[in-house]
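Colleague: Those sequence lines, one after another, are chains U and F.
Going by our numbering, the residue at position 2 of the first sequence is 2; the numbering climbs one at a time, nothing skipped.
Going by our numbering, the residue at position 1 of the second sequence is 1; the numbering climbs one at a time, nothing skipped.
Because the hints were derived from the structure by calculation, they are not lab data.
What you are looking at is a predicted structure, and each value in this text was computed from that prediction instead of being measured.
Check before you lean on any hint, since a few could be wrong.
As the list claims (entries may be wrong) - Think about it this way: if two alpha-carbon atoms lie no more than 30 Å apart in a straight line, the pair counts; the simulated DSSO-like pairs of lysine-lysine are:
| hint | chain 1 | residue 1 | chain 2 | residue 2 |
| --- | --- | --- | --- | --- |
| 1 | U | K21 | F | K947 |
| 2 | U | K102 | F | K1070 |
| 3 | U | K21 | F | K957 |
| 4 | U | K105 | F | K1070 |
| 5 | F | K113 | U | K21 |
| 6 | F | K1104 | U | K342 |
| 7 | F | K947 | F | K957 |
| 8 | F | K957 | U | K66 |
To be verified - To give an idea of the chain U side of the interface with chain F (calculated C-beta under 10 Å), a few residues:
| hint | residue |
| --- | --- |
| 9 | D107 |
| 10 | R122 |
| 11 | D153 |
| 12 | K155 |
| 13 | G156 |
| 14 | V202 |
| 15 | G313 |
Virtual Cβ for every residue (Gly too), placed ideally from N, Cα, C.
These are the residues of each chain, in order.
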Amino acid sequence: MGKGKGKSGPLARRPDNSAFKQQRLPAWSPMLTANTVLPFFYFMALICMLLGVWLLLTVQSTQEVKMDYTEAGTCDKCFEKRKNASNAAQTCSCTVGFNIKKALKGDVFFYYGLQNFHQNLRRYMDSRDDAQMVGKKRNLKNPSSYCKPFNMDQKGLPIAPCGAVANSIFNDSFTLHYLGSGGPVQVPLLRKGITWYTDKNVKYRNPTTENMTLVQVFNGTARPLYWQKPVYELDLLDSTNNGFINDDLIVWMREAAFPNFKKLYGVLYRANKPFTNGLPAGNYSIDISYNFPVQYFQGRKEVVLTTLTWFGGQNHFLPVAYLVTSCLILLIAVVLTVAWYKFGKNRKSMDE
Amino acid sequence: MTGYMETTQESARDKLVGEKERHVKANARDYNDKFSYADNHIKTSKYNVLTFLPINLFEQFQRVANAYFLVLLILQLIPEISSLSWFTTIVPLVLVLVITAVKDATDDYFRHKSDQQVNNRQSQVLIGGSLQNEKWMNVRVGDIIKLENNQFVAADILLLCSSEPYGLCYIETAELDGETNLKVRQALTVTSDLEDITKLMDFDGEVICEPPNNKLDTFIGTLYWRDNKHPLDNEKMLLRGCVLRNTEWCFGMVIFAGLQTKLMQNCGRTQFKRTSIDKLMNTLVLWIFAFLICMGVILAIGNTILESWSGRNFQVFLPLDEFQNSAVFSGFLTFWSYIIILNTVVPISLYVSVEVLRLGHSYFINWDWKMYYSQTDTAAEARTTTLNEELGQVEFIFSDKTGTLTQNIMVFRKCSINGQTYGDVYDEFERKVEITEKTACVDFSFNALCDRSFKFYDGSLVEAIKLEDPAAQEFFRLLALCHTVMPEEKSEGHLVYQAQSPDEGALVTAARNFGFVFRARTPETITLCEMGRAVTYQLLAILDFNNVRKRMSVIVRNSQGQIKLYSKGADTIIFDRLDPSSEELMYTTSEHLSEFAGEGLRTLALAYKDLDEDYLDVWMKKLLFASTVIENREDQLAVLYEEIEQDLKLLGATAIEDKLQEGVPETIACLNLADIKIWVLTGDKLETAMNIGYSCNMLRDDMNEVFVISGHTLLEVQQQLRSANEHILGLSRVGSAGDEKANMLADDSVFEETIIAEYALIINGHSLAYAMEPQLEHVLLDLACLCKTVICCRVTPMQKAQVVELVKRHKRAITLAIGDGANDVSMIKTAHIGVGISGQEGMQAVLASDYSFAQFRYLRRLLLVHGRWSYFRMCNFLCYFFYKNFAFTLVHFWYGFFCGFSAQTVYDQWFITLFNIVYTSLPVLAMGLFDQDVNDQNSLRYPSLYKPGQQNLLFNKRQFFLCTLQGMGTSCLLFFVPYGAFSVLVKEDGSHFSDQQAFAVTIATSLVIVTSVQIGLDTHYWTAINHFFIWGSLTVYFAVLFAMQSDGMFGVFSSIFPFIGAARNCLSEKSVWLVILLTTVVCVVPSLAVSFLRVDLFPTLTDKVRHLQRFRNKQGPQEQNLRRVRRTSSRRSAYAFSHQQGYGELITSGKNMKESTVSSACSPGRTPHSPTWIENMLKRKNEVSCISDERTGAPERSSRAERFNSTPTGLNLSLTNR
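Let's have the full structure, built from the sequences with the hints guiding it.
Modeller: This is the structure in structure tokens:
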């Protein structure tokens, strides 16, 4: 505005003749011309095509075995048993057999999957206390109100870990056997290191112990209602895998975005034969400790064995999507070219 | 006068309701206080320190959007439905409120300052027996105040006495009606001798008068004093806003003060102007709101169904609270939860961003040095910051004439003396040379008394004078003698002329420079300085000007005793009265006159006549007799004048230029090309207005017809309008008789546009008053819109506003009013956009205006460049903004179907908080501020580029629909592409990956990238700032993302930042980037293809010009070659005196002579000083004032009727021109 600049003289209020104030800043004004747009489209089509093909080839090398065990094998009786809530405390084991026709080569990952289980309901997702799980002492004894009604047990003891998410932890356990020629061999699974590094080391911490055992730390808290064992005894084999930093708990606590999801259970330990190259072809059976009820919500449970590539498991969506996109862009490009060549008024009328 | 216009006058108006009659007693404050009249304090500010916060917040929450967010905030505090944390709303809301509050506070601060400045002006008030200095605001009704020369009148006061004889005083009313010529006011004879303070102290008259009103030209009241009644009228009033001139001092009694003064009453209520985009935006926000509710209902129904079918089964894991135990109730809660989540479809930052854009655009207007006028050191100023984009949609311009189109300077350009023209300059090859600034002008140094500012370029005229060419001498002698100008010689040789019209001033000044200096006048003599010799002429009679006569004459006796009659007047009139001996000269002169007129000059013919003593004696006796008769005096005088003004000898003709402002015809031509209709509304007379119309190229000789509407009755006006209308339509029908289509379309509005023939409509104030009656206004409007040019002359300020209002009401078009005087204020305030010319006529118009600059020609740049850009930018901005918000928000809608309609958000809450105000605000602001589709030169060169704005093409409901549709499409792809990928996606180390947080980060990242790419595609003009903002925003997004999901943040606030590590784990995956890439491509490609097709197949003019511009840029900038508009016109000789009749008598009566200047040579034997003269003169003056009332105070029907009866019959012109 030129005001207050202390200028004087006859042209005191003359605005500055700067490129900015006169809106003459040097600028690049791109235009959608055929010279730029059409090559861009062809180029994009090509890129997508290449990516699609590459992904497709990669995906072809992966293998996946999926098995729904909700009522399979001997599990139907457990399924029936779990229908009755009063039997919740009783254990039930069952076995399911299956066959792998082609060996799964390389690292094999063992997932459990749930269908129609809404980990993404708002109230469910909110029903947790991150401050408690990061080991803050105050929150350990005073769980957030978001955890209601799973914050206190009937006796008024604070629940650790509180909330619906932790309460509903998936508590089936699996033992995989390879029924090879030399009799059944248990397939060794690594049950640790299956979480994100940040989760295991930052997001979930046990309350600082100060020479106390985990049991002492959690003294004065109650276990979640549906749990059979307290949080400090989740992994009886490995004392460092207990409390809030238990891998299974952490995996469960990372809520799935959609009602059908799978979560990592273990990774094949390939040190010993016959599993050094992965899972050989043949018959397998899984012993399942069948605890998790799914019939309430018409859910299904499954087990997935898969090998991975650099972009994940047997994921056909991305390659197909890329190929489809590529075709569509190509189609558009052709249409645009024709339109431009035949009907384009660009070259003729622009000079009017 | 700062701040006058911005007042809301409600308080004043409330008090008025009861006031039927005003009683004011002089020098009696106690008495007057009983009535509690408004004092002279003016307040335009809205807040003070204490009330600012509550009032401002209250005002802000009256805005629908703000109130809406407040409600949302409250909703969010209810835990059962709170799907978002409170900070997601409060952060943007507080930001918005603070920005607005700061802006309001600054505005009000300046209002306070200007109020203070006006209120603290000093005036001298008579209190307790002495004059005391008081601030304006302390002046009260009934006070007697003293005014000095060149002071502003502080309130509406009744003139009591003055330093001049007979209680006369002169005022300039420029602030009120825009006329710069002086006006005379005269005090009542009984009060005019109250010259000293003691007498004034004893004055205890009581005025009973009309209550405050807005009629500038009438005042009805009575003064009761010493048991006598004295009628008061407007001629005794000095109104606030006038300036006292040529009068040493005067005393007056305050009648109306402060907000009740006529000036303030005339200001009209300050309307809050909103742009059409504003209104559209409000509608759209309501639509969006409805849409939001629809979505909420759909999702709530979904929730209810789900709950009642299967939701119950999930209670093992997620028990419900007692009160939530019904599916319907759950749905109800879900509805509110979704309202909260989806609230971002109503963009909170929209209003603030729009304000910021407009502010920026205003600054660009202020900074434009192509709209800076160096001669007066004035830059253009956007005084309102809320209307910019409407400048790009203007369809009607209402322009004042004087001071706006013209400079209001008359310049003596050319003359024809005895068949010889002077004024053109020729080079050595006898070719006419265009006169420019550089042309050498004639040296007048031989004349010590010359006016240095006078410029003349033709040296031959001076030569002729020096050679003592008798005709040339007589010519200038005439100019020096035949006028009613008053000289003022402040110091020796320093002459100032007070002319009632600038024309006369120009002529006398011309004579002065050519050696015939008019130095002094007394009632009976005129003293000239002819070529250095002082010569005194005896002034025997002034045959005054009036509109019927269209000429004036003087009869003088020179020092040799010869008696001569000098006459000047309209050529047609003079030519009729010529002696046959002048016939040949008449033809030559006539040719010259045509030539002058063709150049747009105003002409007068000059003639003289020798009289012999005996004849004159007889005639003078008759005159004396006639001037004393009471009945038909006017007519008898006219007959006598007519008798003596015969057998004149032609001397020549003058040509005066009513100097147009620079570039006016070009500007008008250019705006016409942009389909903008320009109407001229002027207080000037018909002839003057037409003259200017011709010189501005608004009227042309090749126009098919120029309709002049000047009826005196409703019926007459109606008939004239109808016939004009039929003429146009009829002719067009005939013209296209063969074409059946045209007939079908005859009554269609489309038809209006198809008329090729050019018509012009000229209507005067009187007829306008009738034509604006409800039954005629449609006819008027139809006719006016059929015409290419509309000129309304003799209109009052209120009528100007009414005309604007009429168009506004019926045409649904954006109107712009431009003017420079206080008489334009009402029109400026009524129009959608008011533009003030900061010229010579005070600051009233500028202060009331939304934009101001120094020259009319800048209007072109304001509209075609700034307006167009503003509109273009604003539209692009809005389209993008709605697109962005829909794309952002609707993802939640799609997610609703997968998360059991539980109102789970897709994104991190922080992302929701920051998306609109941090991640995407700056690039779109940069686009809205700096984007240019076409540069300024091309915008000016192709005025047609302006048309899309008028047709509202760039942003309307359809565009809104399209961009929201695009937003919906984008949101859909944004959701479903990652959805497809995520259901099967696994991290490289095998850890599962389909979790909600990773999903959130992926979609958020895709969204930010897609919107950034889209803004890149929408930006036409990539400056460094755009680059900086776009790349910067992306950088900021990633920086904030990683910061918020860092270990540290989680360590401190574990429950507020639960997304710890999500970005790190997620964005380190190649597969995620593949998803993001795919999403971006599929979101952008369709819109890219569509825009390419549109540009390629259906290029708009903008696209073509852009194309051209690209090539031009490669070739380097070209010099812009503006076509010079050719002026063609027929001869128009107008006696363009704007002064009123009666000044001649005023002069001969000597009443306006100061004692010092009245020469002692005043012969005692002559009679003009006799009471009859004075009475006559006063009577006449009253008549004149009454007539001038009539011309302005249109609504008073009855008084008008009277006047029609009393004026000479049948002459429209005389009536309308007075």
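Colleague: Give a verdict on every hint.
Modeller: We went through each hint and held it up to the structure:
A threshold of 30 Å between alpha carbons decides the hint, and for K21/U with K947/F the separation of about 26 Å falls inside it, so the pair holds. With a C-alpha separation of about 28 Å, the suggested pair K102/U and K1070/F falls inside the 30 Å cut-off, and the hint holds. A distance of roughly 33 Å separates the Cα atoms of K21/U and K957/F; the hinted pair therefore is violated under the 30 Å criterion. This hinted pair checks out: K105/U and K1070/F have alpha carbons roughly 22 Å apart, not beyond 30 Å.
In summary, the hint linking K113/F to K21/U is supported, as the alpha carbons are separated by about 28 Å, within the 30 Å threshold. The hinted pair formed by K1104/F and K342/U meets the criterion: a straight-line CA distance of about 19 Å does not exceed 30 Å. Restraint check for K947/F and K957/F: satisfied, since their Cα atoms lie roughly 18 Å apart, inside the 30 Å limit. At roughly 52 Å between alpha-carbon atoms, K957/F and K66/U are farther apart than 30 Å, so this suggested pair is violated.
A distance limit of 10 Å between C-beta atoms decides the matter here; for D107/U the minimum to chain F is near 7 Å, and the interface restraint holds. Against a cut-off of 10 Å between C-beta atoms, the interface hint on R122/U holds, since the closest Cβ of chain F lies about 4 Å away. Taken as an interface hint, D153/U does not check out: its beta carbon lies about 14 Å from the nearest beta carbon of chain F, beyond 10 Å. A hinted interface residue such as K155/U counts as satisfied when its beta carbon comes closer than 10 Å to some beta carbon of chain F; here the least separation is about 18 Å, so the hint is violated.
Interface restraint check for G156/U: the shortest CB-CB distance to chain F comes to about 18 Å, outside 10 Å, so the restraint is violated. This hint holds: V202/U has a C-beta 5 Å from the nearest C-beta of chain F, less than the 10 Å allowed. The criterion of a C-beta within 10 Å of any C-beta in chain F is met by G313/U, whose closest approach is roughly 4 Å, and the hint holds.
Taken one by one, the earlier hints fail for this structure at numbers 3, 8, 11, 12, 13, listed in ascending order.
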